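Asks: Each chain, letter by letter, is given below.
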Amino acid sequence: MMRALLLQLWGWMVVWSVHSGRLDLLLAGGFHKLVSASGVALLIAGVMVGLKSRKRKESVSWPWLASAGMAVLVLVVPPQPSFSDLAASRPQGLLEPPDLAFVLPPQQRTLTDWVRLLRSQPDPDLVDGNPVNISGFVLKRGDQPAQIARLTVRCCLADATPAGLPVSWPLDAKPKVNQWLKIEGQMKVETRQGQRVAVVVPETITPIQRPKRPLEP
Amino acid sequence: MDRLATAWAIFQGLLLEAIPFLLLGVTIAGLARWLVPQGAWIGRLPRHPLLAPITGALMGFALPACECGNVPVARRLLASGAPLGTAFGFLFAAPVLNPIVLASTWAAFPDQSWLLIARPLGAFLIALLLSALLVQLPEGQLIESSLLAERRLSQPLSSIGLLERGVGQIGSQISAPDPSRIERPQLSEVLEQSSREFLDLLALLVLGCVIASLVQSWLPRSWLLAVGSAPTLSIVALMLLAIVVSVCSSVDAFLALGFAAQVTPGALLAFLLLGPVVDLKLAGLFTVLLRPKAIGITAIVACLGVLLIGQWVNLWQL
Chain Z
351 MMRALLLQLW
361 GWMVVWSVHS
371 GRLDLLLAGG
381 FHKLVSASGV
391 ALLIAGVMVG
401 LKSRKRKESV
411 SWPWLASAGM
421 AVLVLVVPPQ
431 PSFSDLAASR
441 PQGLLEPPDL
451 AFVLPPQQRT
461 LTDWVRLLRS
471 QPDPDLVDGN
481 PVNISGFVLK
491 RGDQPAQIAR
501 LTVRCCLADA
511 TPAGLPVSWP
521 LDAKPKVNQW
531 LKIEGQMKVE
541 TRQGQRVAVV
551 VPETITPIQR
561 PKRPLEP
Chain L
-2 MDRLATAWAI
8 FQGLLLEAIP
18 FLLLGVTIAG
28 LARWLVPQGA
38 WIGRLPRHPL
48 LAPITGALMG
58 FALPACECGN
68 VPVARRLLAS
78 GAPLGTAFGF
88 LFAAPVLNPI
98 VLASTWAAFP
108 DQSWLLIARP
118 LGAFLIALLL
128 SALLVQLPEG
138 QLIESSLLAE
148 RRLSQPLSSI
158 GLLERGVGQI
168 GSQISAPDPS
178 RIERPQLSEV
188 LEQSSREFLD
198 LLALLVLGCV
208 IASLVQSWLP
218 RSWLLAVGSA
228 PTLSIVALML
238 LAIVVSVCSS
248 VDAFLALGFA
258 AQVTPGALLA
268 FLLLGPVVDL
278 KLAGLFTVLL
288 RPKAIGITAI
298 VACLGVLLIG
308 QWVNLWQL
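Sequences listed follow chains Z and L, in order. Numbering-wise (the numbering used here), the first sequence opens with residue 351 and increments by one. Numbering-wise (the numbering used here), the second sequence opens with residue -2 and increments by one.
Note that these hints are calculated values from the structure, not bench results. Any given hint could be a false lead.
Stated by the list, open to error - Incomplete in silico selection of chain Z near chain L, CB under 7 Å:
(1) Met352
(2) Arg353
(3) Val365
(4) Trp366
(5) Ser367
(6) Ser388
(7) Val399
(8) Trp414
(9) Val426
(10) Asp435
(11) Leu436
(12) Ser439
(13) Arg504
(14) Cys506
(15) Ala508
(16) Asp509
Remember, it's a predicted structure, so these values are computed and weren't measured experimentally. Positions of the beta carbon are idealized from the N, C-alpha and C atoms, including for glycine.
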């Protein structure tokens, strides 16, 4: 019977993670259906094992109990990752841009679209003066100026890779690390450390809640 | 505190991503046991030292799962008395030689045709090397004790040494089991065994995910990638990264794409070859198959083999 309860616990943990929207914070979208199906399968397996071993007593090993303790912890303690902390220790890198990103008008480009565009087309003068309408979290790396960034993920947070844009912050702006912001403004070319780079010059900066799906493919 | 919270989130991400594959692997292992009763096909697998691992490696095409899902299937193969070479060939090569992983490698690197050949070929060579070395060890020093006991039940007495049998009389006649008398286990029996196996492996997976998430959070990845252009150091760094990151082999090519431009080609291949065989998440899972000595040999030989392949690639590509 204990085995059935443990399977039910794990199934419930997985289903709850899906239902509560946690997966959006932890895994790439492509895995969500697979994870949901495994949660349901575990719940069904738990019921089947329970029906077969209703009256039977069985020994339970301590690794089963220890791992069940972790399942309870996962249920009780939701993930609260610091995106900035995660991103600060990882180099920037992005996948090949989807073709769509290049044909989108500038104001419809997401932050990652902009990073992809600037990486594949490194002449910043080509985007000088383009309108920008992006959202992301404030990323601070060491002594460098704060950037606005997003995390791109193919699998789970373990492979999260930051994509950030430099921002020319107004003098009165005090961006807090990890804070989510919506920035409207323009792309301008500045010379930083001897290099001409495209920089976001904000016209309005609005603090926002972390989006429901903060990770990008 | 932020870092601990991040490690906790990485742990949950790794675990939730791996659970479906583990469940898939256990289900396939259970179904194989039920649909194809023990001995009916195991006896037909080649025992030739070269053909056995090749057969095992090619069996990966039947199980499109990552390395977590392969462990229960390899365990079932060993428990059913399959040749060691077949089980090890499957265990070490199947995480790469399967349709999903090959397709994802192609999707991530469509313009690097050498990688599409080098990755499966390298995985195949590493699997052959590991199989050839591990089968040199006596089974008692190689296979985990409870698995060995289960394997003994499936093997004909004639293939087991007198001192290893534990039962039987000196001088008694030894006969191979009659395949026609092997009965299909009841579904309830398979369910019971598979559920136990799942919970056993899950406990080890949890441990692996805890270690991987903690190491990832406290070891800055930028340190490992800082040596990107040095031929040997970049390979070693990317091998370390593969061990630490512990992502599923079906998506690791996309992760590699993120830093492909910053590292040498040999290092890139090393990352794609080593992760599916050796990583922190797998460390616990392997204890249900192999004894610590064999796990140590596997890790060291896989690392050396991958380093060597990476060096060859750098000599050829740089």
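Asks: Verify the interface restraint on Leu436/Z: the C-beta must sit less than 7 Å from at least one C-beta of chain L.
Replies: holds, 5 Å
Asks: Does Ser439/Z pass the interface hint, meaning its C-beta sits closer than 7 Å to a C-beta of chain L?
Replies: holds, 4 Å
Asks: Quick one, is the Val365/Z hint okay against chain L at 7 Å, beta carbons?
Replies: Result: violated, 11 Å to nearest chain L Cβ.
Asks: Min Cβ distance, Arg353/Z to chain L: is it shorter than 7 Å?
Replies: holds, 5 Å
Asks: For the restraint on Trp366/Z, tell me whether the closest CB of chain L is nearer than 7 Å.
Replies: violated, 11 Å
Asks: Was the hint right that Val426/Z lines chain L, CB cutoff 7 Å?
Replies: Hint violated; Val426/Z Cβ to chain L Cβ min 11 Å, cut 7 Å.
Asks: Verify the interface restraint on Val399/Z: the C-beta must sit less than 7 Å from at least one C-beta of chain L.
Replies: holds, 5 Å
Asks: Tell me if the interface restraint on Ala508/Z is satisfied: Cβ within less than 7 Å of some Cβ in chain L.
Replies: holds, 5 Å
Asks: If you take the shortest Cβ to Cβ gap from Asp435/Z to chain L, is it below 7 Å?
Replies: holds, 5 Å
Asks: Under 7 Å, Cβ to Cβ, is where Arg504/Z needs to be relative to chain L, so tell me if that hint holds or is violated.
Replies: Holds: closest Cβ of chain L sits about 4 Å from Arg504/Z, inside 7 Å.
Asks: Go through the hint on Asp509/Z and say holds or violated, using the shortest Cβ distance to chain L against 7 Å.
Replies: Check passed: Cβ of Asp509/Z comes within 4 Å of chain L, closer than 7 Å.
Asks: Under 7 Å, Cβ to Cβ, is where Ser388/Z needs to be relative to chain L, so tell me if that hint holds or is violated.
Replies: Check passed: Cβ of Ser388/Z comes within 4 Å of chain L, closer than 7 Å.
Violated hints for the displayed structure, listed by number in ascending order: 1, 3, 4 and 9.
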